[in-house]
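Peer 1: Counted from 1, the sequence shown has number 21 at position 16 by the working numbering; the numbering is strictly sequential.
Don't read these hints as lab results, they were simulated from the structure.
Fair warning: this is a prediction, and the values are worked out from it, not measured in the lab.
Ideal Cβ placement from N, Cα and C applies to all residues, glycine included.
Please note that a few of the clues may not be correct.
Taking CB as the label site, the calculated pair distances span [stated by the list, open to error]: (1) Q45 - F12: 44 to 54 angstroms; (2) I54 - T20: 46 to 56 angstroms; (3) F25 - Q45: 27 to 37 angstroms.
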Amino acid sequence: MGFTTRFSILMTLLTALAIFLMLSSSIFSLFYYSHQRTSQQLREVAASIDQALLVQSPR
Numbered sequence: 006m007g008f009t010t011r012f013s014i015l016m017t018l019l020t021a022l023a024i025f026l027m028l029s030s031s032i033f034s035l036f037y038y039s040h041q042r043t044s045q046q047l048r049e050v051a052a053s054i055d056q057a058l059l060v061q062s063p064r
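Whenever a hint applies, use it, and build me the whole structure from the sequences.
Peer 2: What follows is the structure, given as structure tokens:
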């Protein structure tokens with residue numbers, strides 16, 4: 006097997022690894038920000054309910 010063939014295989018594997026890492030980090034980022042957004046919305050709803058309970062106490 007010649008040098009150029011081995012070099013070509015190495016570059017192909019490195020490119021595939023880079024693509025895999027970018028794809029996996031994008032998926033991780035999507036899940037992370039989705040979780041952050043959901044947590045923020047839940048905190049806002051809880052704060053809204055707290056404020057409503059402070060203004061109008063249940064009877």
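Peer 1: For each hint, tell me whether it holds in the structure or not.
Peer 2: Cross-check of the supplied hints:
no.	hint	verdict
1	Q45 - F12: 44 to 54 angstroms	49 angstroms, holds
2	I54 - T20: 46 to 56 angstroms	52 angstroms, holds
3	F25 - Q45: 27 to 37 angstroms	31 angstroms, holds
The structure is consistent with each of the numbered hints, conforming to all of them.
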